[in-house]
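**Q** Join the two chains, each given in its own frame, into one complex according to the hints.
Top to bottom, those sequences are chains L and G.
Each residue of the first sequence is one higher than the last, beginning at 1 in the working numbering.
Each residue of the second sequence is one higher than the last, beginning at 1001 in the working numbering.
Because the hints were derived from the structure by calculation, they are not lab data.
Please note that the accuracy of each hint is not assured.
[Unchecked claim] DEER-style ranges, computed between Cβ atoms: (1) 1063(G) to 31(L): 23 to 29 Å; (2) 1118(G) to 186(L): 25 to 31 Å; (3) 35(L) to 1040(G): 35 to 41 Å; (4) 111(L) to 1078(G): 21 to 27 Å; (5) 43(L) to 1086(G): 39 to 45 Å; (6) 53(L) to 1121(G): 23 to 29 Å; (7) 1081(G) to 140(L): 15 to 21 Å; (8) 1040(G) to 153(L): 37 to 43 Å; (9) 155(L) to 1121(G): 23 to 29 Å; (10) 40(L) to 1078(G): 22 to 28 Å; (11) 1093(G) to 43(L): 47 to 53 Å; (12) 1093(G) to 31(L): 18 to 24 Å.
[Said to hold, decoys possible] No more than 25 Å apart at the CA atoms, straight line, and that leaves these computed lysine to any residue pairs for SDA-like: (13) 1050(G) to 1147(G); (14) 1111(G) to 174(L); (15) 1117(G) to 126(L); (16) 143(L) to 1079(G); (17) 156(L) to 1040(G); (18) 1060(G) to 1083(G); (19) 174(L) to 137(L); (20) 1111(G) to 1089(G); (21) 1117(G) to 85(L); (22) 156(L) to 1112(G); (23) 156(L) to 1113(G); (24) 143(L) to 1083(G).
Given the structure is predicted, the values throughout are model-derived calculations rather than measurements.
Note that beta-carbon positions come from the ideal geometry of N, C-alpha and C, so glycine has one too.
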Amino acid sequence: MKLRLPNCLVLLLLLLTVVTLAGCHREEKLPFRLTDVSGHMPELDFKLTDDHGKPVTGADYRGKVVVLYFGYTHCPDVCPLTMAQLHVVMQRLGPLADKTRILFVSVDPTRDTPPVMHAYVNAFDPRAVGLTGDPRDIEALSKRYRSAYTREPDGKDGNYEVSHSSAMYVFDSKGAARVLATPADSQDDLVHDLHLLLDNGNPP
Amino acid sequence: MKTQALLFLVTGLLLTGATHATEAEHIRASHAWLRLLPGDLPAGAYVTLKNSGDQPVALKGASSDAYADVMLHQSSSDGGMSRMAMVDSVTVPAHGTATLAPAGYHLMLTKSTHPVKPGDTVRMNLKFADGSTLATDFVARPANAMDAGS
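Chain G with its partners taken away, still in its complex shape (with noise of 0.2 Å):
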C-alpha cells in the first residue's frame, strides 16, 4: 500500500514534470515551412532558429500531431552524389542562428495523421537538448515552392 502510494507520487510528479517542460526562452523560429508532396510522399519541413541565449542550444527534433513520425535529417552532396543522413542535432549557436533549407538540414515528416493542403498550419513541437520546447507553426506550401513565401 505504502510502495503504490510512493509510485503514484512519482508518476504524477513525473506527468508533471512533463507536461510543464520549459518553453525554450532564447529560441525564436522564423520561416517556418513545409513542403508539400502529393499522397503520402515523405515532406520537408523547414525553419530558421534564432538564439537570444549565451549558452549554445542544440535541436533534437519535433512531433506534430499531423505527421506521426519526425525525423532530424541533413541532405549532403558529395562527389555529385546526392544523400540523406539521419542526424542526431543541429546546434543553435549563442546569439546565432541555425537554419534548416532545402538541400541541407530539415526535418523528415511521414504518415500523415490526415490530409494537409497547401496554405494550412501544422503545429510542431521542437524539441531541444536541455528539454526545453517551442510549439512552432509551419505553413504547408505547394511541391513547386521555393520557400516559407510571403
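With the rest of the complex left out, here is chain L (with noise of 0.2 Å):
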C-alpha cells in the first residue's frame, strides 16, 4: 500500500518526460494569426529547375523563410495579383525580406521555361524564384502539401488556362511547413507571420 502511490509518481512522472521529449520534436509553438499547418504539412521537399535553369531541392533554401505558391505565367489576373502583394509583403518585411525567398512554382511547365520563369519572377520580386520542371515532379510537389491545378480544354487560338490552387505555404528556415495562406487573407497577418518566423525562426 504505501509502494503504490510513488509507484503511481513514477508512472506519472514517466509520462510528463515521455510527452515533454515528444514536445522537443515538435516545433516551437508561435502565436501565428493565419492557418497553423505546424506538424500536419510535410517539409519542403522537391526536386526542380530554377528560373536560371540549375536543378534544385528543397534542401537549397534551408536557411531562409520560404513562401511557396503555384501558379502560371499566361495567367493575367490572380497570379500577377498575388506576386504583387507577396512583392508588397516583402517590401514591408524591410532587410529581413533578404532572409526570405518566395517560390513560385509553374503549373505549366510546357509554356513555363526557365527563361520565361526568370523574366516573370524578377518583374515581381528579386527575392522572387521561379520552378518548372518534369511535369511528374511538379505534381509530385503540388501533390505533397494537397495542392491541385487542371488544364483547362484549348480556346481558339490554342491558348488554354489552368485553374490551381490559390493556396500559399509558409516554411520556416528548417523547411518545416507552419502556415497557410489564402489571397484572401490580410497582408498584415502575412506580414506578422513572417516575421515571427524571421524573429524567433532559427537565429542565423
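**A** The following block contains the structure:
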C-alpha cells in the first residue's frame, strides 16, 4: 500500500517526460494569425529547375523562410495579383526580406521554361524564384501539399488556362511547414506571421 | 446595274452607321489601367465604369490597336481553386457602378501589336450591348503594381 503511491508518481513522471520529449521534436509554438499547419504538413522537399536553369531541391532553401505558391505565367489576373501582393509583403519586411524567398512553382511547365520564369519572377521581386521542371515532379510537389491544378480545354487560338489552388504555404528556415495563407487573408497577418518566423525562427 | 447601285448604297449606309457608332453618353470610365507582364504574356486590364443613366448598360468587350485580342474574363475562387472564365457581358446598373478589378472581372489582352512599356497609354474602345462605344485610355503599369497609381 505504501509503495503504490510512489509507483503511481513514477509512472506519472515517466509519462510527463515522454510528453515533454515528444514536444521537443515539434517546432516551437508561435502565435500565428493565419492557419497554423505546424506538424500537419510535410517539410519542404522537391526536385525542380530554378529560373536560371539550375537543378534545385528543397534543401537548397534551408536557412530561408519560404513562401511557396503555385501558378503560371499566362495567368493575367490572379497570379500576378498574388505575386504583386507578395512583393508588397517583402517590401514591408525590410531587410528581413533577404532571409525570405518566394518560390513560384509553375503548374504549366510546357510554356513556362526557365527563361520565361526568370523574366516573370524578376518583374515582381528580386527575392522571387521561379521553379519549373518535369510535370511529374511538379505534380509530386503539388500533391505533397494537397494542392491541385487542372489544364482547361484549349481556346480558339490554342491558348489555354490552368485552374489551380490559390493557397500559399509558408515554411520556416528549417524547411518545416508552418502557415497556410490564402489570397483573401490580410497582408498584415502574413507580414505578422513572417516576422514571427524571421525573428524567432532560426537565428543565423 | 441597278442591284449594284443598291448594293453600294446599302454598303455606304452600313459603313456610315459603323463609323458613327454612338458614344456611350451615360458611362464614365475611371481608374483605367493594365498590368504589363514580361515578353508576350497576356495582360489584365481594369476599369471602373459609372452609369449616370436610367437604364442598365452592359459592357460586351473592347478592342484596341495595341492588342489583337481583347477578351472579357472573370476570375473566381471556389473551394480554394482559382479559375478564369470568359464572360459575355458585365452589367453597369442604372445610376450604379461596375468595377473591373484584380481577382474579378478584367479584360485579357493578348498578342500585342507593338511593345508596350510602363507609363504608356493604351487606347481601348469599350463596346456596350446597345451598340455604343467609349474610347478610354488605359495606363500601362509594371507587373508588381497594385492599382492604377496616381
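**Q** Look at each hint and say if it fits the structure.
**A** Checked hints:
1. 1063(G) to 31(L): 23 to 29 Å: 52 Å, violated
2. 1118(G) to 186(L): 25 to 31 Å: 28 Å, holds
3. 35(L) to 1040(G): 35 to 41 Å: 37 Å, holds
4. 111(L) to 1078(G): 21 to 27 Å: This hint holds: roughly 24 Å between Cβ atoms.
5. 43(L) to 1086(G): 39 to 45 Å: Since the Cβ atoms of residue 43(L) and residue 1086(G) sit about 40 Å apart, the hinted range of 39 to 45 Å holds.
6. 53(L) to 1121(G): 23 to 29 Å: Violated, at about 36 Å.
7. 1081(G) to 140(L): 15 to 21 Å: Holds: the Cβ-Cβ distance is about 19 Å, inside 15 to 21 Å.
8. 1040(G) to 153(L): 37 to 43 Å: 22 Å, violated
9. 155(L) to 1121(G): 23 to 29 Å: With a Cβ separation near 28 Å, residue 155(L) and residue 1121(G) satisfy 23 to 29 Å, so the hint holds.
10. 40(L) to 1078(G): 22 to 28 Å: 23 Å, holds
11. 1093(G) to 43(L): 47 to 53 Å: 50 Å, holds
12. 1093(G) to 31(L): 18 to 24 Å: 44 Å, violated
13. 1050(G) to 1147(G): Given pair residue 1050(G), residue 1147(G) holds - Cα atoms ~18 Å apart, limit 25 Å.
14. 1111(G) to 174(L): 43 Å, violated
15. 1117(G) to 126(L): The hint holds at about 20 Å.
16. 143(L) to 1079(G): 16 Å, holds
17. 156(L) to 1040(G): Between residue 156(L) and residue 1040(G) the Cα gap is close to 18 Å, so the pair holds against 25 Å.
18. 1060(G) to 1083(G): The given pair, whose Cα atoms are some 20 Å apart, holds under the 25 Å limit.
19. 174(L) to 137(L): 22 Å, holds
20. 1111(G) to 1089(G): 22 Å, holds
21. 1117(G) to 85(L): 21 Å, holds
22. 156(L) to 1112(G): Answer holds: residue 156(L) to residue 1112(G) is near 17 Å, not above 25 Å.
23. 156(L) to 1113(G): 19 Å, holds
24. 143(L) to 1083(G): 19 Å, holds
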